[in-house]
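Chain B is already provided as a structure; the job is to place chain L on it using the hints.
The listed protein sequences derive, respectively, from chains B and L.
Just so we're aligned, residue 168 is where the first sequence starts under the numbering used here, counting upward by one.
Just so we're aligned, residue 168 is where the second sequence starts under the numbering used here, counting upward by one.
Check before you lean on any hint, since a few could be wrong.
Said to hold, decoys possible - Now the in silico label distances, taken between C-beta atoms and shown as ranges: (1) B:D321 with L:H293: 21 to 31 angstroms; (2) B:R205 with L:M203: 51 to 61 angstroms; (3) B:H293 with L:N253: 43 to 53 angstroms; (4) B:E238 with L:D225: 45 to 55 angstroms; (5) L:L246 with B:E297: 51 to 61 angstroms; (6) B:N178 with L:M203: 50 to 60 angstroms; (7) B:D233 with L:L213: 44 to 54 angstroms; (8) B:D224 with L:D269: 21 to 31 angstroms; (9) L:Q206 with B:L299: 22 to 32 angstroms; (10) B:D190 with L:D291: 48 to 58 angstroms; (11) B:D321 with L:L246: 29 to 39 angstroms; (12) L:P323 with B:L235: 25 to 35 angstroms; (13) L:Q206 with B:D224: 52 to 62 angstroms.
Claimed, not checked - Restricting the straight-line Cα-Cα distance to at most 30 angstroms, the calculated cross-link-like pairs of lysine-lysine (DSS-like) are: (14) L:K290 with B:K328; (15) B:K245 with B:K277; (16) L:K277 with B:K245; (17) B:K175 with B:K245; (18) B:K260 with L:K277; (19) B:K277 with B:K175; (20) L:K249 with B:K277; (21) B:K328 with B:K290; (22) B:K260 with L:K273; (23) L:K249 with L:K290; (24) B:K290 with L:K328; (25) L:K290 with B:K290; (26) L:K260 with B:K273; (27) L:K249 with B:K273; (28) L:K199 with L:K215; (29) L:K277 with B:K249; (30) B:K273 with B:K328; (31) B:K273 with L:K277; (32) B:K249 with B:K175; (33) B:K277 with L:K277; (34) B:K277 with L:K245; (35) L:K273 with B:K328; (36) L:K175 with L:K245; (37) L:K249 with L:K328; (38) B:K328 with L:K328; (39) L:K328 with L:K290.
These are computed hints drawn from the structure, not numbers from a lab.
For glycine and all other residues, C-beta sits at the position ideal for the given N, C-alpha and C.
There are 2 protein chains.
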Amino acid sequence: MSYITQKKIANSCKNLIVTTSVDDVNVTEIMKNIHMRRQTFYNFFLDKYDAIVWIYDDELTEIIDDNLDYEKWQNIIKLLCKYFFNNRLFFQKVLHHATQVDLAHKTIEKYFQNLIQSVFNDKDCHLESERLTFNIEFLADSLLVQLDSWISADNPRSIEKEVTLLTSLLEDTIVGFNINHK
Amino acid sequence: MSYITQKKIANSCKNLIVTTSVDDVNVTEIMKNIHMRRQTFYNFFLDKYDAIVWIYDDELTEIIDDNLDYEKWQNIIKLLCKYFFNNRLFFQKVLHHATQVDLAHKTIEKYFQNLIQSVFNDKDCHLESERLTFNIEFLADSLLVQLDSWISADNPRSIEKEVTLLTSLLEDTIVGFNINHK
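For reference, chain B alone in the conformation it holds in the complex (with noise of 0.2 angstroms):
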């Protein structure tokens, strides 16, 4: 029960989010709107910020890791696109948020590393590590801005034109890595 609770708490938050900004969230706003307890928020949060934090993992884990056993990483890239062009204006709020740019990018990045690196183990890509780690983390942040930049867009491309490019670009990549260290 706890975790459809703590869903329910950070979704009531994340909509507010969407819909005013994040400093305009307060905790007693988020628990109002879900008809429960002010102090139940802070059984499963630290504060507002811990919430987004939380939103981040919960989410891109069921997109990312969840799915990188299961999918080839093209389709994870659609997911993740799909989720990104969704969710739109609550990223356009948390990742442009003053204080709170670090922390996103921070925890975003980890997943998309997992998930370059799954592109990297498809391609059978030999590369030595530092190399890797660097190229991994590259692509990892790149994804991130391009994302924002694109769902940031006065007029953003289709989901399907950014899955398109994002994966040509991505594969091209990989190719170019693996022409040049067999």
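Here is chain L on its own, set in the frame of chain B:
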């Protein structure tokens, strides 16, 4: 003479940012430190933020645009890494300043896109235009994120190492684009 004066004012602004912070810098201090009348500042800039953007434009034109026709892109990457490393205190502050982040990124990325374009030209890369634009923007954004995370690290790797890793990554990436799009 006016460019020299403008540069002198901009440098004073930059030095103050390094020793204090973007928020703490004011026009009075900027001009006092170079023994010039406060009012002269406004012959050149609207405000300190305008001066900061001018610094990006002035210095990146010198490092990137002025060199594009004469230097190999690998050498420009080297100059750029040196420049970011030597100005790391400045960039740490301006690239993480709450209200200036987007403007900084937008201004700097124009130059980085010119640089990445020249990497593509060098390798004679034939991508159709939508993918070419996407890939150039993706890599230009990524380059800035990477330089920022490098200079912000607790123990940043050496300039030489960073240059090697970045250059290899870009070379491999372009090889991949070329293989798949002859």
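Hint by hint, which ones does the structure fall short of?
Violated: hints 3, 5, 9 and 38.
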